[in-house]
Amino acid sequence: MKTLIPLLLLLGIASSSLGLSAAEVSLLDLSVKEYKVGFADLWIGKNVDRRKVVLQGKEIEDYLFAHAPSRILYDIPAGVTKFEAWGIRTQGDDNVFGSWFYLVKIDGQEVFRSKPLVEYETYEIPISVAIPAGAKQIELIIDDMTNRFADHSIWALPVFK
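So the sequence shown is residues 147 to 307, counted in our numbering.
A couple of the hints might just be wrong.
Cβ pair distances, simulated, as ranges [said to hold, decoys possible]:
1. 196 x 223: 28 to 34 Å
2. 170 x 283: 16 to 22 Å
3. 177 x 292: 28 to 34 Å
4. 293 x 226: 21 to 27 Å
5. 169 x 262: 18 to 24 Å
6. 194 x 268: 34 to 40 Å
7. 203 x 177: 30 to 36 Å
8. 283 x 189: 17 to 23 Å
9. 264 x 195: 32 to 38 Å
10. 190 x 266: 22 to 28 Å
Here are the computed lysine to any residue pairs in the SDA-like style, where the Cα-Cα straight-line distance is at most 20 Å [stated by the list, open to error]:
11. 282 x 191
12. 182 x 205
13. 307 x 222
14. 307 x 220
15. 261 x 222
16. 228 x 205
17. 192 x 205
18. 282 x 261
19. 251 x 204
20. 307 x 261
21. 204 x 222
22. 204 x 282
23. 282 x 255
24. 251 x 282
Derived by calculation from the structure, the hints in this document are not laboratory data. All residues carry an ideal CB built from backbone N, CA and C; glycine is no exception.
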């Protein structure tokens, strides 16, 4: 899908036919400016232990796997007013406790901080932040809370609107 959207736009096919409205930009289609992860690498649509990634009962493939502690920096596309994603974990591994939390910064200012993932009954954190006019960069941070063991942390369905 990474190269598919620009091709479809060139052909005049609306992104809404792919499940995104014309005003939505998937983070997965953008270039990462900088990143650092605690283990392995930053992966799109795959994870270190090849387990299913499930959100609200449905398997998904549109996600960033960024083992905590991690920091990912993107330029914010022009004209967007909101960033949305879900903070989740991989499924089916009793060692993945959820001992981390999610932070979002815009131009260096913290705009979102979750509780530790393990404190959410479903292990799913909805993330929605307003993007101020003129904002330049967004940082997606996962804090490992000083415990890096099996911090298989995921940014699911990350999108600008």
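So, going through the hints one by one against the coordinates:
1. 196 x 223: 28 to 34 Å: Because 31 Å falls inside the window, the suggested range holds.
2. 170 x 283: 16 to 22 Å: 19 Å, holds
3. 177 x 292: 28 to 34 Å: 31 Å, holds
4. 293 x 226: 21 to 27 Å: 34 Å, violated
5. 169 x 262: 18 to 24 Å: 33 Å, violated
6. 194 x 268: 34 to 40 Å: 22 Å, violated
7. 203 x 177: 30 to 36 Å: 32 Å, holds
8. 283 x 189: 17 to 23 Å: 22 Å, holds
9. 264 x 195: 32 to 38 Å: 18 Å, violated
10. 190 x 266: 22 to 28 Å: 24 Å, holds
11. 282 x 191: 26 Å, violated
12. 182 x 205: 26 Å, violated
13. 307 x 222: Within the cut-off at roughly 11 Å; holds.
14. 307 x 220: 15 Å, holds
15. 261 x 222: 25 Å, violated
16. 228 x 205: Between residue 228 and residue 205 the Cα gap is close to 24 Å, so the pair fails against 20 Å, i.e. violated.
17. 192 x 205: 12 Å, holds
18. 282 x 261: Status violated; Cα separation ~26 Å.
19. 251 x 204: 28 Å, violated
20. 307 x 261: Cα-Cα ~24 Å, so violated.
21. 204 x 222: The hint is violated at about 28 Å.
22. 204 x 282: 33 Å, violated
23. 282 x 255: Since the Cα atoms of residue 282 and residue 255 sit roughly 12 Å apart, the hinted pair holds (cutoff 20 Å).
24. 251 x 282: 11 Å, holds
In terms of the numbered hints stated before, the structure departs from hints 4, 5, 6, 9, 11, 12, 15, 16, 18, 19, 20, 21, 22, listed from lowest to highest.
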